[in-house]
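Asker: Here are the chains, one letter per residue:
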Amino acid sequence: MSQAGLVFNIQKYSLHDGPGIRSTVFLKGCPLECLWCHNPEGISPQREIVVVGARCLACGACRAACWHPAAALGEGCLPARMDACTFCGACVAACPTAARQMLGGSRSVAEVMASVLQDRVFYAESGGGVTISGGEPLSQPRFLLALLKACRREGLHTALDTTGFGPIGQLLAAAKLSDLILYDLKVWDDARHRQLTGVSNALILDNLKRLDQAHHNIWIRLPVVPGLNADPHNLQQLAEFVTGLRHVTRVCLLPFHRTGIDKFARLGQPHALDGVLPPPEELMEMAVKIFHGAGLPAVIGG
Amino acid sequence: MTERTARLRQRSLDTPPSLSAERAQWLTGFYQDNTGKFPVPEMRARSFLHLCQHQTIHLGADELIVGERGPAPKVVPTFPELTCHSLEDLRILNTRPKTGYRVDEECLRVYAQTVIPYWSGRSMRDRMFAQLPPDWHAAYNAGIFTEFMEQRAPGHTVLDDKIYAKGLLDFKQDIAAAVARLDFSNDAAAQRKLETLKSFDIACDALIVFAGRHAAMARELAAVESDARRKAEWLHIAEVCSHVPARAPRNFHEALQAYWFCHLAVITELNGWDAFNPGHLDQHLLPFYQQGLADGTLTRETARELLECFFIKFNNHPAPPKVGVTAAESGTYTDFANINLGGLLRDGTDGANEVSHMLLDIVDEMHLLQPSTNIQLSRQTPDGFLRHALRVVRKGYGFPSLFNADMVVEEQLRQGKTLEDARAGGCSGCVETGAFGKEAYILTGYFNLVKVLEITLHDGRDPRSGRQLGPHTGGPASFTSHEALCAAFRRQLRHFIDIKMCGSHIIERLYAEEMPAPFLSVLIDDCIAKGLDYNAGGARYNNTFIQMVGLGSATDCLSAIQHLCFAPATRTSKRHMPLQELVTCLDNDFADAESLRQRLLHRMPKYGNDDAAADTEMLALFNACIEDIDGRPDARGGHYRVLMLPTTCHVYFGSVTGAMPDGRKAGLPLSEGISPVQGADRHGPTAVLKSASKMDHVKTGGTLLNLKFAPALVATDEGLDKWLHLVRGYFSLGGHHVQFNVTTAAMLREAQAHPDAHRGLIVRVAGYSDYFCDLSNELQEEIIARTEHQGH
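Here the protein sequences come in this chain order: B and V. Going by our numbering, 198 is the number at position 216 of the first sequence; the sequence numbering is gapless. Going by our numbering, 392 is the number at position 390 of the second sequence; the sequence numbering is gapless.
Honestly, the hints are just simulated from the structure, not real lab data. Be aware that a few hints might be false.
What the hints assert, rightly or not - These stretches of chain V come out as covered by chain B in the derived footprint (C-beta under 8 Å, 3 or more residues):
id, stretch
1, 545 to 559
2, 723 to 733
What the hints assert, rightly or not - Which chain B residues face chain V? A few, computed with CB under 7 Å, are given here:
id, residue
3, P61
4, A80
5, E107
Glycine included, every Cβ here is placed at the ideal spot set by N, Cα and C.
Can you build the whole structure from these sequences, using the hints too?
Answerer: Structure representation (structure tokens):
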């Protein structure tokens, strides 16, 4: 169990990442930079410091605890991002309100397992289990496989939540150890996909076709973001593609929500979607109708 | 609801509670004329008969189930033989902003001229306060514990199925048989038993007289009724009231009316805690329901209307008025009659039936404050029944609450009850486990765990008054380890529990000898067979409870002390804070130490997060309570047991407790039940349930756990199903009870800002639901501060 990874959260009573009551393990690092990302703290493959603004007392304890000479130059609390930061954690330990948090602690497989096994009784009761998400789990492939294996050894139901953007060999290896794949699709038009996520969708679509031949339980997850990918044309093309697959058991249409915006602020980063609001109900119903029309088992949320 | 029950419901809601001096006046007159003539039990039974003969009775328009405790709905009698309210008490009741009772001039006049002159110094409260020793009074005044029997009689019990098969005439035969068995030559207690049995017999007669007056009045009303349909109803009511409770009920309507008369008798004879309670109402009614449907005398609709009428009767009966500490510990109109739905049959199979579902629909549609309802959920209970219950809970009223029926059985087996008696038992009041119809399980008062820790941190002294209340166990500087502090805490805990029990022995003896409950004794096995009153140990099973308050707060205090003052240094905690320094900050209520307070609030291991660092402290505290209380002998031949529930006492106890190491400022509420400190649980509901399941619930008589859910979490069918599994998961870990508020802080803030627009908003407090706008401001804030679990 020497394998360790960068984990930025383990979410208990996770209800929207597969069946039953689950714990979702979030691994850091993602090759995509989707504008609507609701876990922006998962994008960077490095540790990061965040500041929950509402909790900060502006007491300056973080600055006093920082050993770096640059800290002595300013006043008040340290910003979330400092170029000279070595992530020693002294400022985080000094914060009395836990407003200042370190994201992405190095966790061993054993540590993660100890945490997820705490809720074993609830998985058993509800048909739930463990979901590995991110970031993009494939960005820490060795840790991901070790984690999935450990879950298998414990008899836990496993779900892999992936963008599909990774080497096919790694994807298939992880899929083999997963009972369910939550596979994200966003935009059909490749140029638009590049524009909104930073990468081409060719690999993602190709990988999905390959995965469909190797795995029998795939849930497609599609964030619906007004003005970006919620147009009927895009949805229709994606639905058409999915109808060509054999092992998609559910299509989850996820209404865009603004919780990511707060998180960007905590990271000290700007957010590109300041003006975008969650989709109105009619829009979601229209989206469901398109997928139902294609004969697909689509649901809102999940 | 039918038009009839909608009208009855609205009338019940619109009528403000008021006090009546009528009972007090009749009772006082009887005592003035008869004191010294009869043995105590007979005196009590004859005074009850006197009330049944003379009190104003009320049969209201639209009603199908009849009978009130007072002269009209929502009019509450007083019990001066237990607590004689002063004129000042009555004025406070009339004017206090929350849970007030209207008191008119006539009531004040009767009290001033008749009631107070007779009962002052003679009431149970006056007599027990005179007998209780100074150290009891000192601890009581400091807010270390409260006393339940100070203003209300012991009660806390629930009826089984016996009145549906037997009438009072049958019980009179049982009494006669018991008299015939008395052996006056070989049993020195035979004469006392005879006096007791005679009191039981008179009590049966009294209720038959009371029912007969209702029958007669119904006939009179029929005679002058012009509406033919209502005339027929009055005549039918007259027939029902002439048959029950003297004889066993023959149908659904009579079954409900029979219970209701017994209910009124129990709450008129004395004002016992938790009123009275039909227990497994769904199971008791099923045979009548099936028979009525089969023979065509009942339809689903008429059955439902009768049940709705029955529910409204409970809502017409606010709790008797409470003053002083009792008002603070139980500040609500709710009188805790808590109907059990589902559960197990005596043979261990599922007890949920069609009537259970009908009752859930009624609870949902009527959402009355009273009666309370709960689900007894066993492994046998189908998911469909739980799902139905959760759809009601989802509406946000906080009821029904959810109990683990298998654990309820196990708890009782541990106490030595038979399997069948345990299965026929259930829960009452807030969360209290008992063998229905066969047990006196009496609550003696709340106990402030956090205050005891505060006193421990001050060498046995109460910093609020400066008085030395406990033994000298050393000041904060003297503790060289966490273990040493915990050992001192254990000595203080034992000291105050001993004081509490000494007091309870005095009080229970007073009740046994001076204030028997003959009618209640008729209904509870084996009082007749033993010739012994309910209050003197006549029940088949006897348990006496102390309700511990502040487990979460006390845990977080000990966890913070361990972490801050004693734990081995780590990279992140560079130096220990001397305990003395921490205590000084507490004494100053964290003045100039906000940074420390924030650290205590946010950086210490907290109970409710499935974190062993905190939960081991909880377990040590829990086990200390069990060791110091469980199994010790009580005054009725039974045993003391532990309960973990607060009603509203966590607010009162917080108000007398200074700043503490969990970061709580002086005077603020403590944690309630076994719930985490408000807002301290930050890892979701599964973590709370895991933490809570680490205590051995089977060793208690009940634990109370509150969770607050955002409505979005359970809005969908899928969310509801996951909620169902969450509850099942907790119960498979051995949890006793859980209840949910489905609401948001924003909704509650809105109700605070515009109370008139939200008078109907009902929330879960602790073991019962109440109108949010009727709660004290402190309690409103406490509920808002509870963690609101969101979906992820």
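Asker: Regarding the hint that A80 (chain B) lies at the interface with chain V, is the smallest CB-CB distance below 7 Å?
Answerer: Check passed: Cβ of A80 (chain B) comes within 4 Å of chain V, closer than 7 Å.
Asker: Tell me if P61 (chain B) is really an interface residue toward chain V, meaning its C-beta lies closer than 7 Å to one of theirs.
Answerer: Violated: closest Cβ of chain V sits about 20 Å from P61 (chain B), beyond 7 Å.
Asker: Examine the stretch 545 to 559 of chain V: at least three residues should have C-beta closer than 8 Å to a C-beta of chain B.
Answerer: violated (count 0)
Asker: For the restraint on E107 (chain B), tell me whether the closest CB of chain V is nearer than 7 Å.
Answerer: holds, 4 Å
Asker: Count residues of the stretch 723 to 733 of chain V with a Cβ under 8 Å from any Cβ of chain B, then say if the count reaches three.
Answerer: holds (count 6)
When the structure is compared with the earlier hints, violations turn up for hints 1 and 3 and for no others.
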